[in-house]
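A.B. asks: These are the residues of each chain, in order.
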Amino acid sequence: DGGITQSPKYLFRKEGQNVTLSCEQNLNHDAMYWYRQDPGQGLRLIYYSQIVNDFQKGDIAEGYSVSREKKESFPLTVTSAQKNPTAFYLCASSPTGENYGYTFGSGTRLTVV
Amino acid sequence: DQQVKQNSPSLSVQEGRISILNCDYTNSMFDYFLWYKKYPAEGPTFLISISSIKDKNEDGRFTVFLNKSAKHLSLHIVPSQPGDSAVYFCAATAVRRGAQKLVFGQGTRLTINP
Chain F
1 DGGITQSPKY LFRKEGQNVT LSCEQNLNHD AMYWYRQDPG QGLRLIYYSQ
51 IVNDFQKGDI AEGYSVSREK KESFPLTVTS AQKNPTAFYL CASSPTGENY
101 GYTFGSGTRL TVV
Chain Z
114 DQQVKQNSPS LSVQEGRISI LNCDYTNSMF DYFLWYKKYP AEGPTFLISI
164 SSIKDKNEDG RFTVFLNKSA KHLSLHIVPS QPGDSAVYFC AATAVRRGAQ
214 KLVFGQGTRL TINP
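Top line first, the protein sequences correspond to chains F and Z. My numbering numbers the first residue of the first sequence as 1 and each following residue consecutively. My numbering numbers the first residue of the second sequence as 114 and each following residue consecutively.
Hints should not be assumed to be uniformly reliable.
As the list claims (entries may be wrong) - Computed cross-link-like contacts, DMTMM-like style, restricted to lysine to aspartate or glutamate with a CA-CA straight-line distance of at most 20 Å: (1) K214/Z x D59/F; (2) K57/F x D114/Z; (3) K118/Z x D38/F; (4) K57/F x E15/F; (5) K169/Z x D38/F; (6) K169/Z x E69/F; (7) K184/Z x E128/Z; (8) K9/F x D114/Z; (9) K214/Z x E15/F; (10) K118/Z x E72/F; (11) K83/F x E62/F.
What the hints contain is simulated information worked out from the structure, not anything from laboratory work.
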């Protein structure tokens, strides 16, 4: 079955450490996205990528970095520069060129301890 | 600046009745709108969408209405069922080539009571 896989589902990080969240899709979608969900604030766009080796900042990119070396993979690194990293992180993908909407992964809950 | 707003954080409806979830937007460039449903600790799933060239789209128990002049859309669920209890997100985007950047509202938690 085609879909998006995010791992791990729960992640704990000590303050000052970088951590990388995995996102893999086998839907053959060109575009991939990372969103963050906080209570009462909905989903906010961190980074997105339209094609391999290309990515753009979203609305809240500070303290995050991404790479897109393969079409199927779009990992997100939460760096120590991110001031409030505890959140629920969602990865999504979509075809490009038309309004197909997104397919989302099941999310990763990151907690800084 | 919140471009997409869902002003009701929560809504409680009796099973079998109609649920109406509302969404307002400020960006006049938005021309495609979507509703997503989300259960706890899961990713959102697509529910229904509407293009700005239409004012209504229906899919089974779900109907979305768009009022462009008021920059308002609503999702109607009838009849409401216990499995509809979830958080519903409204999203909007402007038609363009390439990646579709969706802007989401804050979400409305819908609870269906037996």
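A.B. asks: Hint by hint, say whether it matches the structure.
C.D. replies: Against the structure, the hints:
no.	hint	in the structure
1	K214/Z x D59/F	holds (10 Å)
2	K57/F x D114/Z	holds (17 Å)
3	K118/Z x D38/F	holds (15 Å)
4	K57/F x E15/F	violated (24 Å)
5	K169/Z x D38/F	violated (31 Å)
6	K169/Z x E69/F	violated (41 Å)
7	K184/Z x E128/Z	violated (29 Å)
8	K9/F x D114/Z	violated (31 Å)
9	K214/Z x E15/F	violated (31 Å)
10	K118/Z x E72/F	violated (32 Å)
11	K83/F x E62/F	holds (9 Å)
The structure does not agree with the numbered hints 4, 5, 6, 7, 8, 9, 10 stated previously, though it agrees with the rest.
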